[in-house]
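Since chain R is already given, all that's left is putting chain D with the ligand on it; use the hints.
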Amino acid sequence: MADSHHETNEHNDVRRLHDSKVANPLLRWIDQRMPVISMIQLEYGSFPTPRNFNYFWNFGALAMVTLAIMIATGVVLSMQYAAHTMLAFDSVERIMRDVNYGWLLRYAHANGASMFFIVTYIHMWRSLHYGSYKSPRELLWMLGVVLFILMMATAFMGYVLPWGQMSFWGATVITNLFSALPVVGQSIVTWLWGGFSVDNPTLNRFFSLHYLLPFVIVGVTFLHVVALHITGSNNPLGIEPKTKQDTIPFHPYYTMKDSFGIVVFLIVYAVLVFFMPNYLGHPDNYIPANPLVTPAHIVPEWYFLPFYAILRAVPDKLGGVVLMGGALVILFFLPWLDSSPVRSMRFRPITRWLFLLWTVNFFVLGYVGGKPAEQPYILIAQISTAYYFAYFLVILPFLSKFERPLPLPESIAHAVLSRRGGGPLPAGATAKPMEKA
Amino acid sequence: MRRFVPTLKAAAVAAVLALAPVAFDQGARAAEGGPESGHDVIKIPNTDFSFDGIFGTFDRASAQRGFQVYKEVCAACHSMRHLSYRHLTGIGLTPAQVQALASQFQVQDGPNDNGEMFERPARPSDHFRRPFANDAAARAANNGALPPDLSVMVKAREGGADYLHALLVGYSDPPEGITIAEGMHYNKYFPGHQIAMAPPLNTDGQVTYVDGTNATVDQMATDIATFLAWAAEPELEQRRAMGVRMIIFLTILAGLAYAVKRKVWSDLH
Ligand code: HEM
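Top to bottom, those sequences are chains R and D. Just so you know, we're using our numbering here: the first sequence kicks off at 1 and counts up by one. Just so you know, we're using our numbering here: the second sequence kicks off at 1 and counts up by one.
What the hints contain is simulated information worked out from the structure, not anything from laboratory work. Among the clues, some could well be false.
Far from chain R, by Cβ distances over 12 Å, these chain D residues were calculated [what the hints assert, rightly or not]:
#1 E72
#2 G92
#3 D173
#4 P200
#5 D211
#6 A231
#7 E233
Straight line, CA to CA, 25 Å or less: simulated BS3-like cross-link-like pairs of lysine-lysine [said to hold, decoys possible]:
#8 R:K244 to D:K43
#9 R:K134 to R:K401
#10 R:K244 to D:K188
The structure displayed is predicted, hence computed values, not measured ones. The beta-carbon is built from N, C-alpha and C at its ideal position, and this holds for glycine as well.
One chain only, chain D, in its complex shape:
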């Protein structure tokens, strides 16, 4: 036992040092949403998602409903420029469904032989159609506020999908004593609490789900958050599955390497 002591000590110190990034990072994270904006830090409530945890996967039906919400509601204002229609096979659409879906949209192509741009039905390889030609047009239609692209939104906000869900259900009348600027809306979870986006999901049944699910605001918020989580990290399932295999393999290899090391060193002990 005693000869393990130095090894254990060294391992302990190494572990502490290896924790440094986590410790530093926590400091930096706690500083988020901090005092400069003068508002209190609101804890984002946790939503139970199908993709939580190491073995979680995207609930395909939920993600497809989420896509329906995006298509019927959010797409009026928000682009998703990193996605193509063909990517949607990732949430369980068949290639034929993708083909049919894409052809509902008109996209610009060209120039043709006469040097003119023209419209044609989208193909699966086309990127999602954007609601506005450019940022200026998007602002002009939204009281000067720019609806951000939603492709990687889940990775671009502290709290990820939980934040998204909270934001969409977090609208209410402002509390006593808080005045809201013209064209702004009170939202408990938005940093600063004043958001230029009017509550996009405001009535139960706003979307009529093709699969018959009851479209409560909470359900729609969960579905769109699931869809956007997939859109931000389409590789998530493959990544985790590969990770599990990798770690099992490496753990066995570590065991073997340790055994060989012990054997090699045994003539010294």
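Here chain R stands alone, though its shape is the one from the complex:
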């Protein structure tokens, strides 16, 4: 230690070294020159985190774990997969039968996509419910929306790769949406396809992009976390931590809580992979793609169904495309649409119920998205679409003008301890280090 101070004073060129506190000399040598160890210490060790997270705060870590699993399984699958219309279906079956544990890799990847969406949807729901999108976390939220859209693109293109009937027809239907754009529509579709229908060039580019986009997701995730570590986390009360009493170091408290969450997540994931690996898939995707036979129902994967319902809610193709795009784009504006200064729905007595209704409404959209486009589903889809948008465009901007929020707690520590102790704190209790209540 003293040694390094000595150095710092004597040699000019060493003065710029990072003032590392790492004890191990080798690690310190590295850390002085490249302070990643200090950074991890700071951002994941001592990082002050609100003490009152509930389990909804586990889902960000779970999304990261899923992303890692997807990349690991995907890279290995790619070693055996053949991106050619004549070979793709057979190569996937070969992976399932003749590659050691190929079935495990492929089922882990296919169901991993579903787990990724489950986890991300819950993560986003958490942000909506506790107002995590509000100032100062607007950019953090917007980066999250970017991640969601990138995930959708990645999963859509991944589903095309096994080149089954749903792969082919799903790709045809979705890429065809761009033809609704005026003037340039058809040219864009031809450009996307690399030809005049979904064919080998389409499969090739989708594979290339499907390999690329997850790494873009890694990059944006990094920015998402950088933004998070500037503003700090929100929490179920939606009030900012004020004193040291309100926060605890990330490690060991949340590292342990996240570890527990990850194991529970893995149990759910394992049930899917080992016992019902095809449950969330569509049987038609085990029929090789055939451009001459259209399946009776072309349904996207479950995670797209709410947006698919919005797409089909209006009879006009362009209108549907605009609405579906709008349903995603509107999320970018959410921080400015919500006019209430209060974050957490816990303290918004009316909005809270309207938000829960919005949640139910989202399920309804998912349900009708899987139904044929006929009555009464069209009508339901229209009403649900209207409410989806009304929540963002009418309720959030205007309701807070009339809604009177419940009184906010004085501080996080105050709220936590009074709940635990069953009564108000004696004065001064918040100033003491925490003890068993």
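Below, chain D with the ligand alone, put in the same frame as chain R:
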């Protein structure tokens, strides 16, 4: 107790959200076989299979009989291009049996040094011999209908092995008022009820089982469904066994992780 309340609430909401895929999926499933074809949705009867349930395994004898049915009946029209003879050790054939079996079939190989293709007896590593050189030949021999490949048939139909069994025993004369097109056959369980495949299993004793089992139509249908279920998911037994161990391991790990978490957090409570 009270401090568990928020956790419980959060868990409840998370559970509801996690059910979303199931809910959505049910919607999508119920839509299958829906109104576009104008026909009623027929419920597929459940057949008791050896491989049902979490601990089910393939009845090897049944799967071998099923292979015999495939070889003697279905293979006249249907390929199974994802299977090789060597895979049959998975239903309990010995390597010697596989060798002997494969050599009964002639497959094309080549070109040889003179640039000519030639026929030779199949080896265990060869894929199942296909009945037709290509789809056009298959259609030509079947009134224009294409007999689909059966390798993953069980995974490619709603209802899986139950559907397959039902389809094979589901032939009958058409009900009053329904006319069947030329060359088509009435089948209660086929979507649209008109199928181009003539009833492939139509008389008891059509196959003489080497193990002496009485070959009723129902028995043959159960056996071929078992064989095709194995063919579609040869990894099923290994997968489930691994799953059981995995879940036991993870459950213990979850218990430990929770205990450690509680311990770590106890100084805050
Ligand atoms: C954001 C992460 C990812 C998502 C959401 C995702 C999603 C998907 C989906 C839904 C499928 C279709 C599965 C099926 O039904 O068979 C798929 C297939 C595939 N993915 Fe990914 N994937 C991701 C990352 C990756 C990465 C990083 C790679 C390669 C480095 C990769 C390589 C493949 C390959 C080769 C297939 C075809 C094999 C198969 O269909 O099982 N994936 N992906």
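Next item on the list: State the violated hints by number, sorted upward, taking the hints as numbered earlier in the document.
Entry: Failing hints, ascending: 6, 7, 8, 10.
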